[in-house]
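A.B. asks: Count the sequence shown with the working numbering and you get residues 1 to 346, in order.
Calculated from the structure, these hints are not laboratory results. Be aware that a few hints might be false.
[As the list claims (entries may be wrong)] Using 20 Å as the maximum straight-line C-alpha spacing, the simulated SDA-like pairs for lysine to any residue come out as follows:
(1) LYS297 / GLU95
(2) LYS297 / GLY237
(3) LYS225 / GLY265
(4) LYS225 / ASP278
(5) LYS343 / GLY65
(6) LYS343 / ARG320
(7) LYS70 / LEU52
(8) LYS252 / LEU231
(9) LYS297 / PHE94
(10) LYS35 / MET154
Computed from a predicted model, the values in this text were never measured in an experiment.
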Amino acid sequence: MAALCLTLLLPGCAYVARQARGQFELMAGRVPLEKALATVDFTDEEAAKLRLVPAIKAFGEERVGLSPTKNYDTINPTFDQVIWNVSGCSPHRFESHLYAFPVVGALPYIGFFDREDADAERARLEELGWEVYVRSAGAYSTLGWFKDPLWRSMLQWDREQLSNTVLHELAHATVWIKGDGGFNESWAGFVGDQAARQYLRERQDEDPDSWRLLLDREHDSVQYKAFMQALVTRLQGLYGAGLSREEVLRRKERIFEEAREEYGGLGWRLEGYRRSLDPDRPLDNARLVQFRVYNTKRERFTAALERFDGELPAFVEASRALPALRKAQGKDFDPWAALDALKPEG
1 MAALCLTLLL PGCAYVARQA RGQFELMAGR VPLEKALATV DFTDEEAAKL RLVPAIKAFG
61 EERVGLSPTK NYDTINPTFD QVIWNVSGCS PHRFESHLYA FPVVGALPYI GFFDREDADA
121 ERARLEELGW EVYVRSAGAY STLGWFKDPL WRSMLQWDRE QLSNTVLHEL AHATVWIKGD
181 GGFNESWAGF VGDQAARQYL RERQDEDPDS WRLLLDREHD SVQYKAFMQA LVTRLQGLYG
241 AGLSREEVLR RKERIFEEAR EEYGGLGWRL EGYRRSLDPD RPLDNARLVQ FRVYNTKRER
301 FTAALERFDG ELPAFVEASR ALPALRKAQG KDFDPWAALD ALKPEG
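Construct the complete structure from the given sequences, taking the supplied hints into account.
C.D. replies: As structure tokens, then:
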């Protein structure tokens, strides 16, 4: 398990104030979906996708058992900013830089509405000796603190990505364990994937293109995650070998060179996955530790779902008990052990 470094200086008052301005701009431009459809000059494709969102939400709430929320009942049709996530990691071991947030606890990343702020945080972390990964985020959740709107840019996504994102954010509103960002992201990612698959499978006759895209994306995703997990495992062996820092860094770079070469020879169906490890794409511990945040121990989620005979609503309902267990057990709580113990009643 990776060691963790907790930073208490951020987010501080200056950070909160700057992000509050971006949050206010996003929230101030909210328009109810029906009003937006009647007044905003959407393209036909944008309007069609916007009309899908209430159906996707209803599916998640009624068929999967995700918590009803007011999220995505509105859209900000003029919000054109990008949210940037910044994460840091030690260059010679998987040690995440953590940020202490009120209410939600410690997370291995921090978000910014302004790229300049993200770059400034990158520079700060690099000055402290961390490797840094900066990536854009197409959506985010305030976990019930605000009624999160859609962004118009989300209507440029394909239907599979849109449905997965909406269901992923509903999953966050359903189960959130304070202070365990890795488990929370992995749980929401697993549930979002399963729910989106079920949603599109039931509609494959009316939307065969989205179903085929999902199958292609699943093929590439499985291959990508297996490759990246094998890379992480190889590096963990290196980091635990007791070598000097200089020797670890030298061997790490060679491993990365070999990984890029091997990755390029694999068969990919989608261009995004094929180019993911191109020379112009970052590959370092900071990127790999974020991969781990969103893809940790997926086989244990699969095994848990199988104990519920593949019934996603039953798995979701049982998972609702996890935050209460965390509160009751305190520092002794292990979310993975609690996940492994989940099973149908009776």
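A.B. asks: Please work out if LYS70 and LEU52 have their alpha carbons no farther apart than 20 Å.
C.D. replies: Holds, because 16 Å separates the two Cα atoms, which is no more than 20 Å.
A.B. asks: Hint check: LYS297 vs PHE94, CA-CA at most 20 Å. Holds or violated?
C.D. replies: 16 Å, holds
A.B. asks: Taking 20 Å as the top limit, are the C-alpha atoms of LYS297 and GLU95 close enough?
C.D. replies: 18 Å, holds
A.B. asks: Within a Cα-Cα threshold of 20 Å, do LYS343 and ARG320 meet the stated pairing?
C.D. replies: Measuring from Cα to Cα gives roughly 12 Å; hence the hint holds.
A.B. asks: Are LYS35 and MET154 close enough, with their CA atoms no more than 20 Å apart?
C.D. replies: 18 Å, holds
A.B. asks: If you draw a straight line from the CA of LYS225 to the CA of GLY265, is it 20 Å or shorter?
C.D. replies: 16 Å, holds
A.B. asks: Next pair to validate is LYS225 with ASP278; report whether the Cα-Cα distance is within 20 Å.
C.D. replies: 16 Å, holds
A.B. asks: Has the given pair, LYS343 with GLY65, been kept, meaning a C-alpha gap of at most 20 Å?
C.D. replies: Measuring from Cα to Cα gives roughly 17 Å; hence the hint holds.
A.B. asks: Are the Cα positions of LYS297 and GLY237 separated by 20 Å at most?
C.D. replies: Roughly 18 Å between the alpha carbons, so the hint for LYS297 and GLY237 holds.
A.B. asks: Would the hint linking LYS252 and LEU231 be met if the CA-CA limit is 20 Å?
C.D. replies: Since the Cα atoms of LYS252 and LEU231 sit roughly 10 Å apart, the hinted pair holds (cutoff 20 Å).
Checked against the numbered hints given earlier, the structure satisfies every one of them.
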